[in-house]
Amino acid sequence: MIKRSFFALSKPRLTYDLLDTSLQSAQELAVPGSLTLLLPEEIDSAKKALIGPGDAVKKGQKLKLYDDSTPYVLSPVAGTIKEFDSYSDDFGSTGTYIVVKPDPSAQGDDQWAQADLEQTLEFAADYLGQIPGALPVSTLTNPNYDIRTIVVTGADADILCDTCQFVCTAYAGLMVAGAKILKAMTRADRMCITVPENLSAQVDLDGFNVLRTSDTYPSNLPAMVMKDHLGKTLSPGAIPEDEGVCFIRPEALVSLAQIYETGHPVFDKIITLIDKGGKKYRVKATIGTPISKIFSCFNVQINERDRIIIGGPMRGFATYTAHHPVVPDMDTIMVQDSDVVPELLDNACVNCGECVRICPANIPVNLLVRYLEANLYEEAADRFDLESCIECGLCGYVCRARIPLYQYIRLGKHELLTLRENA
Amino acid sequence: MTNTKLIVSHAPFWHNGDSLFQQNLNFFIALLPAALFGIFHFGAPALGVLALAASSAMLWEVIMSALSKKKMAIADMESAVIGLLFGMMVPATMPWWVVITGTFIAVVLGKFVFGGTGGNPFHPTLVGLAILTMSWPAFLDFDTAYVSYQFDFTALAPLVALKSQGTSALASFSNYDLLMGNEVGGIGSTFGLGIIIGGIYLILKGYARWEIVASFIAGILITATLFFVLHPDTYAPPLFHLLSGYTLIGAFFLAVENSSSPVNRIPMLIYGFLGGFMIILVRNIGVYPDGTILAILLINLVNPLIDIIRPKALGKGVSNA
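Chains as they are written, first to last, in the working numbering: chain A, 1 to 423; chain B, 1 to 321.
The shape of chain A in the complex, shown without the other chains (with noise of 0.2 angstroms):
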């Protein structure tokens, strides 16, 4: 954790992390006994599934809940579905857990064979949705945004998180070819990537638009390289969507030149594991692998009281069970040991102004927080622009309080929209 320094005199400046080099490649996991799906999807008692417990399923197979849903997972083995569990996750959104039981015996992946490899966008809305690394299909295909330019992010939003910088060095090749592979099937006709300044790693970048980004955070966010590489500031509440951009995971691209090339769907998700000390592991899990298994495989013990953050230090979230599933989206877990967690408190705002000094969006939090206490939300946003917020956590990072700041930001948010969807 970075403490304040000694003399204060000036805002604390907090630095990306370049790429960890002695990583040279990562560790491969086997399958374990039991994968968990995690399915965006709640289950309707009422209504009748396609898929139950003890259903067997191949490699591959598309596995959705009900003839009219749009959610799928895709099955990355053999075997059988063992049990369905409901999940939830910190805003209320439910999900459903689908447990498979891989068969080892079991061989083929009859569907992907059938279907003919388009380079189509309706061909990856159907079947690419969950290839490692998230490809957002959904906002690809969504008619109401007109993508036209594709920002690949090389460099990692977040603090301490290195995975796609790994990615964009380690398979260059396959992420470039990608990148051709998702030209062709988007409208889009320009490619970025944003690459750390001081980043050394010589890559060859065929077709890209190279955004050097600083080193100090929040400079990586998407609304960042908007307003910094792009020209774009984004309206309050407005998303790079909104003005055609889509933001990618370098893996994602790597992933979908891999299953053009091969053919077949590919699950396995490059993960940094950062453990108490802070030393880095580098991973590569197939994707509904419980993360406990990661854990165990670098001994990292987890003890009552821990923290597991999946994401970065600022922007992560907390889970509250080791055996959350590796998710098309995991690039960083963290594990925080139980005396680093920082305490938080029900102080009032004592109006210090630390946190409107740091703020990159300039947005008056210590006001904002007195009306997101007494749930004004509209006043927020009309006021005191809660929806400027680029959501980088520097405001809670520094509060002298201890006010959970970000959480408060991204409750009202959240309950603005759900204010304004039931107008």
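Simulated from the structure, these hints should not be mistaken for lab results.
Using N, Cα and C, we set each Cβ at its ideal position, and we do this for glycine too.
Hints are supplied without guarantee of correctness; some may be wrong.
DSSO-like cross-link-like pairs, simulated, lysine-lysine; straight-line CA separation at most 27 angstroms [as the list claims (entries may be wrong)]: (1) Lys227(A) <-> Lys312(B); (2) Lys5(B) <-> Lys227(A); (3) Lys47(A) <-> Lys64(A); (4) Lys62(A) <-> Lys48(A); (5) Lys279(A) <-> Lys227(A); (6) Lys5(B) <-> Lys280(A); (7) Lys101(A) <-> Lys5(B); (8) Lys62(A) <-> Lys284(A); (9) Lys64(A) <-> Lys284(A); (10) Lys276(A) <-> Lys5(B); (11) Lys5(B) <-> Lys82(A); (12) Lys227(A) <-> Lys413(A); (13) Lys413(A) <-> Lys316(B); (14) Lys47(A) <-> Lys101(A); (15) Lys316(B) <-> Lys232(A); (16) Lys58(A) <-> Lys284(A); (17) Lys284(A) <-> Lys180(A); (18) Lys101(A) <-> Lys58(A); (19) Lys101(A) <-> Lys64(A); (20) Lys5(B) <-> Lys279(A); (21) Lys232(A) <-> Lys312(B); (22) Lys232(A) <-> Lys413(A); (23) Lys101(A) <-> Lys284(A); (24) Lys413(A) <-> Lys312(B).
To spell it out: a stretch of chain A is covered by chain B in this simulated footprint if at least three of its residues, at any positions, have a beta carbon under 8 angstroms from a beta carbon of chain B; those stretches are [to be verified]: (25) 68-74; (26) 141-151; (27) 244-256; (28) 318-332; (29) 338-349; (30) 377-391; (31) 396-407.
Assemble chain B onto chain A, guided by the hints.
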């Protein structure tokens, strides 16, 4: 499945380690040089007043927290700082009951009635002192407070002397004496050098905002210079104003109180400058010899009005169409 209980909370998962306790502890440390000098200078009664002020302020906080069923935040030391500042601004001979009444007003009326930490629109210490100034001005009269003391310097409160005797009184106060604390005044507000050292320490630690301090001092110097240049016979020179009375403790410790001061840069500069400007107006034109308490209360009052001057948030007022 094993069920290890994990801590679940929201991002960010790091914190820079700052806390209200750290802030108040640093204020306390920064106040020590001037306070220790006061004890050395005015003897045991000064120690008694400082100790009583700090401890009674903390006691009021405990009582009010219990009465209002709020979380006990005594360990944050905020009341200790309020009490210590109060003690540093009153004479060493102040009777015990006045000290306790003063800290009662400061902590209860200055802070708790507004909702406690962070809610106070004025500096609590100044609320206490302002009401004492109105109610029992005799106990805050530095000339009568120290009649039983033997000093080897002019035992006249510089600003009162200036008010009553005009610029002829200035001959008995050298800037060096004022800086080194050779004057009568509040226990901890006479030792200019100690206050400056403590104040610079606070600024470097990031707990006091340099914009406010610098513009406050600039406000005093510029306004006093204007008066002095126009009428050198009637008005005191700028450095005299800067080094006498509560000016320095006001600039470095009172004006920068978080809850009652602005957070944006331009408002901070206006706020500080206005404070310095008002002090000189009160001293040169008004009836009070020292205007610091009133001037800072006044800028506390305008703080919400000027703190709305702020930079545009990201994406506001730009159109990409």
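Report task. Sort out which numbered hints this structure fails and list those numbers smallest first. Result -> Structure breaks hints 2, 5, 25, 26 and 27.
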